[in-house]
Amino acid sequence: MMYYSRLRMASVIGVCLIGLALCLPNFIRQPSPSLPWRQIHLGLDLRGGSYLLLQVDMASVATDRLRGLQDQTRQTLLKAGLGYRNLATGPHGVTFTPRTPDETQPDLKALRAMPMNTPGEFKVEEGEGGQIALTLSPDAARQRAYDAVTQSIEIVRRRIDATGAIDPEITRQGEDRIIVELPGISDPERVKNLLGTTAKMTFHLVADSAIGSSVPPAGVEMLPMSDGQGTLPVFSHVDVDGADLTNASASIDQDGGEWAVNFTFDSTGAQEFGDVTRANVGKRFAIVLDNKVIEAPIIHTAITGGNGQITGGFSAQQATDMALLLRAGALPAPLNVIEQRSIGPSLGADSIRAGGYSLAAGFVLVIAFMALFYGRFGWYANIALLANLVLMTAILSLFEATLTLPGMAGMLLTLGMAVDANILINERIREEVARGRSALQAMQAGFERATATIVDSNATALLAHVMLFVFGTGPVRGFALTITIGIVTTLFTTLLLSRMLMVRWYARTRPSTLPV
Amino acid sequence: MMFDRPLLRFVPRGTKINFMRGRFIGLATSAVLSIASLILFFHPGLTLGLDFRGGIVVEARTQGPADFNVIRAALAKEHVSAAGVQSFGGPDDVLIRLDTPPESEPDHEARTQAMVDSVRHAIATLPGAQVLRADAVGASVSKELFRNGMLALGISLLMILAYIWFRFEWEFAVSAVVTLVLDLTKAIGFLVITHFEFDLVMVAAILTILGYSTNDKVVVYDRVRENLRKYRTMPLAELIDLSINETLSRTLGTSCTVFLAALPLALFGGASLSGFAWVMLFGIVVGTSSSIFIAAPLLLLMGEKRLRRDARPPTRS
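Residue numbers (my numbering), protein chains in the order written: chain R, 131 to 646; chain F, 700 to 1016.
By construction, these hints were calculated from the structure, which means they are not laboratory data. From the three backbone atoms N, C-alpha and C, an ideal C-beta is built for every residue, glycine too. You may find that some hints are simply not true.
As the list claims (entries may be wrong) - Computed spacing ranges between beta-carbons, pair by pair:
#	chain 1	residue 1	chain 2	residue 2	range
1	F	Phe741	R	Lys253	40 to 46 Å
2	R	Ile148	F	Gly783	49 to 55 Å
3	R	Ser445	F	Pro801	42 to 48 Å
4	F	Asp806	R	Thr431	39 to 45 Å
5	F	Thr746	R	Gly342	56 to 62 Å
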C-alpha cells in the first residue's frame, strides 16, 4: 500500500504523458500527415447543423415486390401462350384462375421456371377452387426489407455527397430507420426535399386507345401528370427502367432555351431503349418519375445511341436536383422524415461559450474547495483532477467521440464527483489519526479502507450511466458517454495517481504528523 | 507552509449528533413532501418537453426587440398558426411553438416537416431575423423516446437494487431503493413547481441524481456494515448514528464539490442546460439529506431485529 515501485510510478506517469500527447490534436495543427491525428468532434448542438431521422416505408417495399410479381406472372403466361382470369395481388402473393383446368399443369411449369431474386423467394401452388397462388416467403420478405434499408443508406449517401455537404454522417438505426447528421447545414430544407423524392424513373408506352375512358383496361394505369394537368393512361409494363442510367446532367436546351435534363443509358438500357423506340415509331412514350408523368413525347425515330433528354418546364434548381437524383439512383422505397433538429451556428457558438465558462468556473471552485478543506492532500487531489480532465479529453479524442452540450455537463459533474474518492481517503486518514495511529499507519489504513468504498460507489454510478447510454438517444448518449469515461479515469487518477503523490511525499519527508 | 494544513473544516472532530432520535420527523417530512409531489404530478402534472410531447419548436432571434404581432402576421402569411409565440432568454429571442397534425391523419409526418419549412420562410421575411434552432418531433418518435426514457429510468433503478443487494444484505438494498423512489418523487414535484420541461435531458439529470444519491447511501451503509462487525454489541440505533457522524464530514464535503461544480452551469449554462443544472442542485440537496434522514432510519426500522441479534439483552428465565 505504501510502496510504489519505479516501474509502477513510471507507468502511472507514462499514462498521464500519453494522455497529454493524445489531447494535442485538439489544440494544434497536424504537423505531418503521417502522424495519427485523432480529435474530438463537436456535436451538432455546438457547431450548428441538422439531424434528420428518416423512416423507410416498408409497406411500399412489399407492395412494390407484389406488383413486380404480378407483372412478371402476366408476362410469363402471355409468352407461353397461356390464359388467365382474375389476376390479383393479396397481402402475401399473387393469385389467378387458369383459363381452363387443363392449363393448370403448364401454368405451374411455366411459373416455376420464373427467375427469383433470392432462392426460394416464392412458392407456386395450386390453391382452392382451381386457383393458382404465388406466395412470397416471409424470410425473403425480411431479407428484402433489410436490403432495402441498406440500399437506401447508400442512395442517401450518394445524394447528400452530391450536394457538397461536409462530413455528413449516415447511420442505420433499428430495423427501418436512417439517421442523417449534417454539420454546418442549419437549414435542411433542400436536403429534405432531395431525400423525400424516391426518384424512380421508368419509361412506358402510352395507351392511346384508353384516352378518355373512365375505367382503364387490364394492364393499363391512369397516371397523373407532374404539372397537375389531368391524367394519362400508360401501360403498366415498364419498357425501360431508369435504373439503367449511367449519367445525367442539367443543361439549357439548345432549341427552346429551356432547362433540360440529359441522360445516358448503360449498354443494357441503351439496347432496350433502342429496341422499344424502333418498334414504336410514331407512338407516344411516357417518362414517368415517382408515378407521375413528366412528359410523353412522340417517338420520331429509333434512338439507338442511349442518350435522351427530358424537358418538363424545369427551373434551373429543379433540373439540377433532378439530374442529381437520377445520377444517385432511385430509392427502393419512399423515405419519411420523422424527426428533425437543426441548430444555427450562432446558437452553437453561444453554447460553446456557456459550456466552456461553466466548466472553467466549476473547475476553479472545486480546486479552491479542495485546497481550503484538505490542504496539501487537497492539492494532490487537484493535480489528480487536472490529470483526470486531460485523460478524459484523451480518451474522447482517441475514440473520435462527439462532444455535445450535455457531454460538457457530464465532464463538469465528473470533476465534481472525482474528488469524492480523495475526500473519502482524506477523511479516513483523519479518523485514523484521531484514533491515535502513527502517520504511516493512518495513511495505510486510509487507503485500504477507502478503496472498497470508492469502488462500490463508482460501480453504482457506472451502472446507471451505462443504462442511460444504451437506452438514451441523441445528446443524452453524449452525457452518458462522458460520465462513463469519467468514472474510469477517476478510478485511475484517484486510486493510482493522487495516492502516488501522497506516498512519494511521505517517503521523501517521513513526517511524524500528517497535514490533515 | 501555507498550503500544507487545511484552513477550514466542516465538522469539528468528535461530532456526535443524535440523528436517529429525529427519525420519525425525518420520515414524516419526507412522506409529506413525496405525497405533495405525487399530487402535483397528477395535477397540474409535468410540463412535457418537445421530446416527449412531439411538435415543433422554432427559436429565432430578431433584429431589435421582438414584435409578436409582426411575427404572427408573417406566420399567417405562410398559412401556419402558432400554438404559442413567446419570448425566452433575451428580449430579441422568440420561441414559436406549433402543434403537429394528429397521428391519425395520413401524411402527418410530411405535413409536420412542411410546417417547419413554412416557419423558416416566414422568419426569412422579417428583416435581420435568423433561426437559432428548429426542432420537429413526430408523434410516433415522441412516444418511442418517452418509452425509452422511462425504460432507462426503470432499468437503472433495478440495476442499483441488484447491485446493492449483491454487495450488502437485502435490508440495505430495499431501504436504499425505497429512499431513491422517494427522492425521485421529490424531483418530479420540483419539476412541476418550476415548470422546467420534462425531456430526455431531464431524464439524464434524474438518473444522475439517483446515481449520486445511491453513491451517498453506499458510503454510509459501507460504514454501517464495517461498524456492525467492529462493535458487536452496540444497539443498531446508536451504531447507525455513529456511522452517520463518522461519515458526515465526507458526505458534506462531496455534496459541496458536486454542488460547486454544477452551480456555474445553473447560473451561466444557457437556456438548454440551466434547467438540467437546477434539477441537479436540487437532487444533490435531496440526495444528501435523504441518506441521513430517510435511508438510515429505514435501515433501522427494517434491520432492528435481523441485523443486530447479539445486541438484545439476554432474556433467559
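Is it true that the C-beta distance of F:Asp806 to R:Thr431 lies inside 39 to 45 Å, as the hint says?
At roughly 43 Å between Cβ atoms, R:Thr431 and F:Asp806 fall inside 39 to 45 Å, so the hint holds.
State, for the Cβ atoms of F:Thr746 and R:Gly342, whether the hinted interval 56 to 62 Å holds or is violated.
59 Å, holds
40 to 46 Å was suggested as the range; check whether the CB atoms of F:Phe741 and R:Lys253 agree with it.
Cβ of F:Phe741 to Cβ of R:Lys253: about 55 Å, so the range 40 to 46 Å is violated.
Could one say that the CB atoms of R:Ser445 and F:Pro801 fall in the range 42 to 48 Å?
Roughly 34 Å apart at Cβ, these two residues miss the hinted range, so it is violated.
Starting from the hint 49 to 55 Å, judge whether the C-beta atoms of R:Ile148 and F:Gly783 obey it.
52 Å, holds
Of the numbered hints stated above, those contradicted by the structure are hints 1 and 3, listed in ascending order.
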